[in-house]
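Chain by chain, the residues run as shown.
Protein chains: 2
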Amino acid sequence: MPVNLNPPVAAKLLPVAGVLLGIAEANIKRENRRDLLVIELCDGAKVAGVFTKNRFCAAPVVVAREHLAQARGIRALVVNTGNANAGTGEQGLKDARDTCAALAGVLGCDPAQILPYSTGVIMEPLPVAKIAAGLPAAVANLSADNWFDAAHAIMTTDIVAKAISRQVLLDGALVTVTGIAKGSGMIHPNMATMLGYIATDAGVSQPLLQRLVAEAANRSFNCITVDGDTSTNDALMLIATGKSALPEVTSLDSNAYDVLLEVITDVATFLAQAIVRDGEGATKFITVRIEAGRDEDECKKIGYAIAHSPLVKTAFFASDPNLGRILAAIGYAGVDDLDVAAIELYLDDVLVAEKGGRAASYIEEDGQRVMQQSDITIRVVLNRGDVNATLWTCDFSYDYVKINASYRS
Amino acid sequence: MPVNLNPPVAAKLLPVAGVLLGIAEANIKRENRRDLLVIELCDGAKVAGVFTKNRFCAAPVVVAREHLAQARGIRALVVNTGNANAGTGEQGLKDARDTCAALAGVLGCDPAQILPYSTGVIMEPLPVAKIAAGLPAAVANLSADNWFDAAHAIMTTDIVAKAISRQVLLDGALVTVTGIAKGSGMIHPNMATMLGYIATDAGVSQPLLQRLVAEAANRSFNCITVDGDTSTNDALMLIATGKSALPEVTSLDSNAYDVLLEVITDVATFLAQAIVRDGEGATKFITVRIEAGRDEDECKKIGYAIAHSPLVKTAFFASDPNLGRILAAIGYAGVDDLDVAAIELYLDDVLVAEKGGRAASYIEEDGQRVMQQSDITIRVVLNRGDVNATLWTCDFSYDYVKINASYRS
Chain V
1 MPVNLNPPVA
11 AKLLPVAGVL
21 LGIAEANIKR
31 ENRRDLLVIE
41 LCDGAKVAGV
51 FTKNRFCAAP
61 VVVAREHLAQ
71 ARGIRALVVN
81 TGNANAGTGE
91 QGLKDARDTC
101 AALAGVLGCD
111 PAQILPYSTG
121 VIMEPLPVAK
131 IAAGLPAAVA
141 NLSADNWFDA
151 AHAIMTTDIV
161 AKAISRQVLL
171 DGALVTVTGI
181 AKGSGMIHPN
191 MATMLGYIAT
201 DAGVSQPLLQ
211 RLVAEAANRS
221 FNCITVDGDT
231 STNDALMLIA
241 TGKSALPEVT
251 SLDSNAYDVL
261 LEVITDVATF
271 LAQAIVRDGE
281 GATKFITVRI
291 EAGRDEDECK
301 KIGYAIAHSP
311 LVKTAFFASD
321 PNLGRILAAI
331 GYAGVDDLDV
341 AAIELYLDDV
351 LVAEKGGRAA
361 SYIEEDGQRV
371 MQQSDITIRV
381 VLNRGDVNAT
391 LWTCDFSYDY
401 VKINASYRS
Chain H
1 MPVNLNPPVA
11 AKLLPVAGVL
21 LGIAEANIKR
31 ENRRDLLVIE
41 LCDGAKVAGV
51 FTKNRFCAAP
61 VVVAREHLAQ
71 ARGIRALVVN
81 TGNANAGTGE
91 QGLKDARDTC
101 AALAGVLGCD
111 PAQILPYSTG
121 VIMEPLPVAK
131 IAAGLPAAVA
141 NLSADNWFDA
151 AHAIMTTDIV
161 AKAISRQVLL
171 DGALVTVTGI
181 AKGSGMIHPN
191 MATMLGYIAT
201 DAGVSQPLLQ
211 RLVAEAANRS
221 FNCITVDGDT
231 STNDALMLIA
241 TGKSALPEVT
251 SLDSNAYDVL
261 LEVITDVATF
271 LAQAIVRDGE
281 GATKFITVRI
291 EAGRDEDECK
301 KIGYAIAHSP
311 LVKTAFFASD
321 PNLGRILAAI
331 GYAGVDDLDV
341 AAIELYLDDV
351 LVAEKGGRAA
361 SYIEEDGQRV
371 MQQSDITIRV
381 VLNRGDVNAT
391 LWTCDFSYDY
401 VKINASYRS
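Residue numbers (the numbering used here), protein chains in the order written: chain V, 1 to 409; chain H, 1 to 409.
Bear in mind the hints are in silico, worked out from the structure with no lab data behind them. Keep in mind the model is a prediction, meaning the values are calculated, not measured. C-beta atoms are modelled at their ideal positions from N, C-alpha and C, and glycine is treated no differently. Be aware that a few hints might be false.
Stretches of chain H that chain V covers, calculated by requiring three or more beta carbons in the stretch to come under 8 Å of a beta carbon on chain V [what the hints assert, rightly or not]:
1. 90 to 104
2. 209 to 223
3. 311 to 322
4. 396 to 403
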């Protein structure tokens with residue numbers, strides 16, 4: 001079960017003026033399953049996004065990037081589960097474009113005004129006909145109050161839906177931000193992919209919106225890892241409808257930008273952490289905080305070496321304070337001039353290691369006590385600079401192997 | 001059980017003139033267990049080695065490097081299991097030096113003529129008194145015929161001992177090479193470590209010996225991975241006693257050097273592959289071959305991305321030809337200008353993917369058939385250069401999690 005993550009409640013998700021969501025069952029991989037989502041936007045809504053850096057990026061990622069670059073004004077997003085349309089070559093690109101054309105036909109707009117997203121099995125042809133057949137039902141279902149159902153419609157191996165809303169009073173105007181996400185590994189079994197959709201009724205100029213989504217992603221989705229695999233399909237999209245009373249945000253040096261960045265980062269961080277808490281087989285939520293490094297790069301290198309180590313992750317699964325494994329991971333992180341004698345290692349508030357070895361004050365019972373918790377912080381103080389970085393990950397259990405060894409069967 | 005790896009037979013391991021091995025039970029971690037090995041060398045024997053690059057390298061690694069640098073002529077190596085003497089700070093260095101001094105006292109030599117090695121739990125103080133108490137028994141046990149027992153004495157979570165001998169007729173002289181190794185992950189639970197000891201009765205000048213061991217390691221132990229963790233204690237040592245009839249090898253441009261490199265690499269490769277075949281929980285031995293790359297760096301990046309991917313490894317455990325996971329790993333390997341449309345992916349001789357997607361000729365039954373095997377080759381043809389690289393790894397099973405989650409209990 002997800003670690004300290006309660007499913008969202010429909011009543012707590014706020015509509016965002018200018019955004020309608022419609023869900024359908026298109027039988028893409030299985031029958032009787034909500035597997036198709038259409039998000040329709042009002043005229044003038046702006047969309048920006050960040051995508052996977054995987055060179056084998058999926059066809060919909062290529063097409064979504066192309067359509068964003070054409071800047072004709074995005075009218076709708078279409079998301080299918082059950083098939084990732086990745087590793088599908090030229091045919092995959094055609095299938096993604098045909099999906100856009102099908103939705104454009106229903107909505108009466110240009111195909112370049114549609115953004116496509118897919119998640120599911122890799123290297124299987126996308127069943128475009130099934131998707132096209134399901135689109136009218138999804139469009140007929142369009143409603144501003146469908147965020148809760150939309151969060152469910154994009155799930156794959158997720159155990160619980162991930163969704164949240166926030167409101168903030170900004171220069172006298174009430175601004176709403178609602179987001180949904182899916183994913184329970186950075187990449188899934190076959191079910192590649194983290195997908196995230198965050199919408200606000202604030203108005204934001206296109207260049208600032210791109211910056212907002214990149215900064216928010218960098219502080220949230222780019223700080224999580226379940227298994228170190230990077231999906232072919234990852235995408236985080238930020239929608240700004242401009243329907244609130246707040247004047248359009250056009251300057252980076254404005255209070256409005258700072259507040260929006262904070263609230264959107266807050267929503268993105270909740271969703272990103274929810275993905276880790278629902279990580280495949282996860283039983284522990286682990287915060288890895290690297291402090292007093294020289295730069296962000298070395299802090300993240302060390303943080304990811306710890307967060308990716310199967311030995312560290314299995315020790316946490318076992319609630320075993322086998323903490324030498326963390327020292328070993330710090331040591332091979334690739335920071336060549338690291339002085340290990342200067343490092344302090346804490347488990348929550350317990351000082352575990354210093355001066356290159358076990359701390360004199362450390363007793364196993366203290367480590368054991370912290371290891372029993374379901375939320376744990378590993379804190380590494382490098383004592384060589386003033387930069388910090390925080391990552392979130394989960395442990396590594398029998399169930400991770402089970403889920404990923406049996407996914408297709 | 002190890003994958004297609006039969007335990008060595010004592011009768012097949014050949015003594016190396018100038019090398020004696022003695023084993024004892026020193027009760028380092030448990031009673032009634034061979035946990036101490038002394039390797040005594042003849043006068044004039046030369047020793048060279050390569051060590052872990054982990055910044056948290058263990059105290060014995062630091063001391064062995066120091067003693068090799070002093071070049072006083074190595075008289076003996078001492079190896080203990082049950083405790084890694086890693087993450088032990090200043091006290092650990094003193095303990096490693098005290099271990100050398102204790103053996104020097106028994107053998108009547110200088111402590112700088114002793115090289116120490118430890119493997120076992122991290123961040124626990126080394127029980128030097130127990131080791132010192134066991135040394136006289138190990139020295140009393142010294143014999144040229146003890147390679148088989150020595151291979152067993154250095155085991156930790158290894159299921160089978162790893163050892164092999166080779167002979168070659170070189171310029172009319174019979175040259176023997178015998179090697180032993182331990183390890184069933186690049187790093188173990190706590191049981192950090194790959195240790196390897198290879199001895200030959202050929203004579204080799206010190207600089208050439210260093211080059212030999214580095215080249216052989218680069219083609220063998222540096223091409224394996226079980227879990228991507230790099231031990232604090234890894235060491236591969238090469239001993240040349242000069243007791244054969246072959247004149248000392250002093251030139252890189254000699255037939256003798258080439259032949260020696262080949263036979264030593266052959267021994268090292270057998271031992272390295274044996275570590276993977278005995279990988280923690282392994283059920284499959286996987287060769288990852290990257291062909292037609294621009295340089296070794298990009299070939300190894302892609303090879304390790306595949307070999308480290310938990311998703312790829314669990315798919316092999318399940319015998320599930322879920323091969324999109326391999327494409328995804330290639331895509332995120334960090335080769336930025338990779339043209340994925342040019343890549344061909346083979347599973348043994350079956351062409352799985354080309355032109356960015358599934359090969360037209362590929363049928364699932366063919367992939368399924370290869371996946372049933374216990375030895376499988378993943379071949380990725382990049383089609384952008386003439387450099388190849390080969391790595392060896394294993395799959396990722398329930399037992400890996402079990403072994404590493406329960407190690408200390």
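Structure-based check of all given hints:
With a threshold of 8 Å between beta carbons, the proposed coverage of the region 90 to 104 of chain H by chain V holds, since 3 of its residues qualify and at least three are required. For the region 209 to 223 of chain H, the assignment as covered by chain V is violated, since 0 residues bring a beta-carbon within under 8 Å of that chain's beta-carbons and 3 are needed. Closer than 8 Å: that is the beta-carbon criterion, and the region 311 to 322 of chain H has 7 residues meeting it against chain V, so the requirement of 3 holds. Taking a C-beta to C-beta cut-off of 8 Å, the region 396 to 403 of chain H contributes 6 residues in contact with chain V, enough for the three needed, and the coverage statement holds.
Of the numbered hints given earlier, the model fails hint 2 alone.
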